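Taken in order, these protein sequences are the chains called A and B. Counting along the first sequence from 1, when you hit position 100 you're at 100 in the working numbering, and nothing is skipped either side. Counting along the second sequence from 1, when you hit position 2 you're at 122 in the working numbering, and nothing is skipped either side.
No lab work stands behind these hints, which were simulated from the structure alone. From a predicted model like this one, the values you see are computed outputs, not experimental measurements. A few of these clues could be false.
[As the list claims (entries may be wrong)] Restraint-style ranges between C-beta atoms, simulated for each label pair: (1) A:G26 with B:Q201: 23 to 31 Å; (2) A:D30 with B:T229: 28 to 36 Å; (3) B:P134 with A:S25: 33 to 41 Å; (4) A:G66 with B:S133: 46 to 54 Å; (5) B:P177 with A:G15: 35 to 43 Å; (6) A:Q112 with B:T229: 21 to 29 Å; (7) B:L231 with A:P41: 20 to 28 Å; (8) A:S120 with B:S129: 31 to 39 Å.
[Said to hold, decoys possible] Coverage of chain A stretches by chain B, computed from C-beta distances (three or more under 8 Å per stretch; other residues unrestricted): (9) 5-14; (10) 37-48.
In this text, a Cβ means the ideal position worked out from N, Cα and C, and glycines have one as well.
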Amino acid sequence: EVQLVESGGGLVQPGRSLRLSCEASGFTFDDYAMHWVRQGPGKGLEWVSGISWNSGNIDYADSVKGRFTISRDNAQNSLYLQMNSLRAEDTALYYCAKDSGYTSGRIEFWGQGTLVTVSS
Amino acid sequence: QSALTQPASVSGSPGQSITISCTGTSSDVGSYTLVSWYQQHPGKAPKLMIYEVSKRPSGVSNRFSASKSGNTASLTISGLQAEDEAAYYCCSYAGTGTSYVFGTGTKVTVL
Numbered sequence: 001e002v003q004l005v006e007s008g009g010g011l012v013q014p015g016r017s018l019r020l021s022c023e024a025s026g027f028t029f030d031d032y033a034m035h036w037v038r039q040g041p042g043k044g045l046e047w048v049s050g051i052s053w054n055s056g057n058i059d060y061a062d063s064v065k066g067r068f069t070i071s072r073d074n075a076q077n078s079l080y081l082q083m084n085s086l087r088a089e090d091t092a093l094y095y096c097a098k099d100s101g102y103t104s105g106r107i108e109f110w111g112q113g114t115l116v117t118v119s120s
Numbered sequence: 121q122s123a124l125t126q127p128a129s130v131s132g133s134p135g136q137s138i139t140i141s142c143t144g145t146s147s148d149v150g151s152y153t154l155v156s157w158y159q160q161h162p163g164k165a166p167k168l169m170i171y172e173v174s175k176r177p178s179g180v181s182n183r184f185s186a187s188k189s190g191n192t193a194s195l196t197i198s199g200l201q202a203e204d205e206a207a208y209y210c211c212s213y214a215g216t217g218t219s220y221v222f223g224t225g226t227k228v229t230v231l
């Protein structure tokens with residue numbers, strides 16, 4: 001059974017940093033691209049960042065480019081999102097998500113999310 | 121990376137059919153077959169309902185169907201049921217590496 005468990009969310013002041021983690025199980029982690037997708041309170045889904053199976057392809061939404069860094073550790077079956085210079089508009093539920101392919105295809109499975117609140 | 125455009129809300133009576141549109145551009149929906157649809161009930165994670173424009177994952181009801189024409193994709197729910205009341209999002213490959221773009225989301229209400 002595929003499982004994605006996010007952690008690391010919390011309340012943080014504007015301008016500060018936070019690191020999210022996602023622990024994966026139930027599938028061969030290094031065979032698939034992985035993503036972070038967020039959903040602001042009462043808002044829609046926003047793709048944030050993606051990373052290919054071997055970290056050779058890394059992409060970011062314009063809204064986070066230069067502030068967020070995605071990474072993965074295939075030996076630890078883990079995905080990460082380093083978030084710097086956080087803004088109020090980054091407040092959201094952050095989902096870790098599994099792709100169907102090495103680089104792209106479709107987002108086919110989601111974790112339950114970790115909540116990030118940016119506020120003073 | 122502008123969000124794909126969906127109607128904010130669509131409603132229908134039980135047993136009826138409804139269609140949700142998803143309009144993108146020639147850089148996303150219009151150029152790729154990697155268009156998918158997700159169902160999200162309140163407080164829950166999204167669930168994949170359609171992938172590669174019109175394919176259904178195992179376990180998804182055949183009441184859900186989808187298609188694409190040009191820059192617009194569409195999801196149809198036939199035989200509408202109370203359990204179909206949820207938010208629906210389209211998603212397209214955005215053309216670079218691992219990037220995707222989501223639709224604005226549609227709230228489906230079963231009257």
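- Task: Quick one: see if chain B covers the region 37-48 of chain A, three-plus residues with Cβ-Cβ under 8 Å.
- Result: Three-residue rule met by the region 37-48 of chain A, so holds; n is 5.
- Kindly confirm whether 33 to 41 Å is satisfied by the beta carbon distance between P134 of chain B and S25 of chain A. 39 Å, holds
- Item | Whether chain B covers the region 5-14 of chain A (at least 3 residues having a Cβ closer than 8 Å to its Cβ atoms) | violated (count 0)
- Message: Given a hint of 31 to 39 Å, does the C-beta separation of S120 of chain A and S129 of chain B actually sit inside it?
- Response: The hinted range 31 to 39 Å holds for S120 of chain A and S129 of chain B, with Cβ atoms some 35 Å apart.
- Range hint compliance [Cβ, G66 of chain A to S133 of chain B, 46 to 54 Å]: 49 Å, holds
- Query: Are L231 of chain B and P41 of chain A spaced within 20 to 28 Å by their CB atoms?
  - Reply: Cβ of L231 of chain B to Cβ of P41 of chain A: about 27 Å, so the range 20 to 28 Å holds.
- Task: Note whether the CB distance of Q112 of chain A and T229 of chain B lies within 21 to 29 Å or breaks it.
- Result: 25 Å, holds
- Message: Verify the CB-CB distance for P177 of chain B and G15 of chain A against the hinted window 35 to 43 Å.
- Response: 42 Å, holds
- Message: Does the beta carbon distance between D30 of chain A and T229 of chain B stay inside 28 to 36 Å, or does it fall outside?
- Response: Given a distance of about 42 Å, which is not inside 28 to 36 Å, the answer is violated.
- Query: Honestly, do G26 of chain A and Q201 of chain B meet the 23 to 31 Å range at C-beta?
  - Reply: Holds - the Cβ-Cβ distance for G26 of chain A and Q201 of chain B, about 30 Å, lies within 23 to 31 Å.
In summary, the structure is inconsistent with hints 2, 9 from the numbered list given earlier, while agreeing with the others.
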